[in-house]
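S.K.: Sequence:
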Amino acid sequence: MSQYWPFSGLTRYGALRERLIVSLDMGDRREALKIVDQLARFVGMFKIGRNQFVSGGPDFVREVRKRGAEVFLDLKFHDTPRELMRTALEATRLGVRMFDVQLNGHGESIKRVRAEINRISQNEGLRKPHIIAVAMLAGVTRAGAENCQFGIDGMVELARHAGAAGLDGVLTSTQGAPRIRSVCGRRFIIVTPLPCTNSAEREFVDGASAIHSGADFLVVGSPVWKASEPLRAVRDIVDQMDRGLRNGPVNGPMTLVPRRN
Numbered sequence: 001m002s003q004y005w006p007f008s009g010l011t012r013y014g015a016l017r018e019r020l021i022v023s024l025d026m027g028d029r030r031e032a033l034k035i036v037d038q039l040a041r042f043v044g045m046f047k048i049g050r051n052q053f054v055s056g057g058p059d060f061v062r063e064v065r066k067r068g069a070e071v072f073l074d075l076k077f078h079d080t081p082r083e084l085m086r087t088a089l090e091a092t093r094l095g096v097r098m099f100d101v102q103l104n105g106h107g108e109s110i111k112r113v114r115a116e117i118n119r120i121s122q123n124e125g126l127r128k129p130h131i132i133a134v135a136m137l138a139g140v141t142r143a144g145a146e147n148c149q150f151g152i153d154g155m156v157e158l159a160r161h162a163g164a165a166g167l168d169g170v171l172t173s174t175q176g177a178p179r180i181r182s183v184c185g186r187r188f189i190i191v192t193p194l195p196c197t198n199s200a201e202r203e204f205v206d207g208a209s210a211i212h213s214g215a216d217f218l219v220v221g222s223p224v225w226k227a228s229e230p231l232r233a234v235r236d237i238v239d240q241m242d243r244g245l246r247n248g249p250v251n252g253p254m255t256l257v258p259r260r261n
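No gaps in the numbering here: position 54 of the sequence shown is 54 in the working numbering, and each next residue is one more.
Some hints here could point you the wrong way.
[Claimed, not checked] List of simulated lysine-lysine pairs, DSS-like, C-alpha gap at most 30 Å: (1) LYS111 <-> LYS76; (2) LYS111 <-> LYS34; (3) LYS76 <-> LYS66; (4) LYS111 <-> LYS128.
Keep in mind the hints are simulated off the structure, nothing from the lab.
Build out the structure end to end from the sequences listed, making use of the hints.
M.R.: Take a look at the structure:
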């Protein structure tokens, strides 16, 4: 099976590490910035969720960006259409690489958000962020995966609506990724968390399994934060991702080109 990876000018290893997102939500501001300083050159993005954002606000995002790092702003925006528009535009002006929204009931509003972000990005010389919908099936284990078909159907349907609304992809579980990839195609971004589980389930949720399931980006937290050497943990996960890619991701990797400017 022939493979390609769309990061022109980067090594294969470099391209893969661009697909790794490290969560900053497992420590305080000082600890999080220490992780950024250690890993900014070796991962694609850092995830800032509600805990860090409530604590540090937009200034924390700017601080991470000032260190040369990219940000996935994981606030799951969900509000009135007017407030949704305002928060999405502010996230764009902060320079985040990606942010997520709750799609339910906001299909038409999301279309307007996408159009307005395109407009101000062009007028103000801003980079257009990737906007993804939240389509998570939380807490699914290997033992329970066989019994979650209804939930996966719901995730796939939400992914369809996300694509129709002009969104770039979804945040979902590895269980939903294969079906979503099959239905939504290569250009649709699939972001999956990499849970920290017991050794009996490691094969099911490691980086190789996630990439093989059709994921484009992996979000990791505990495996990096709990490691005595975070950089070594990152390299181990990237090696797993490479193994998953060589085994053949479902329907091939996506054709996303990074938005650098």
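S.K.: If a hint holds in the structure, say so; if it does not, say that too.
M.R.: Now for the hints, and whether the structure bears them out:
1. Distance check on the hinted pair: LYS111 and LYS76 sit about 16 Å apart at the alpha-carbon level, within 30 Å; holds.
2. Annotation: proposed proximity of LYS111 to LYS34 is violated, straight-line Cα distance about 38 Å (limit 30 Å).
3. At most 30 Å may separate the alpha-carbon atoms for a hinted pair to count; LYS76 and LYS66 meet this at roughly 23 Å.
4. Restraint check for LYS111 and LYS128: satisfied, since their Cα atoms lie roughly 15 Å apart, inside the 30 Å limit.
Going down the numbered hints, you'll see the structure goes against just number 2.
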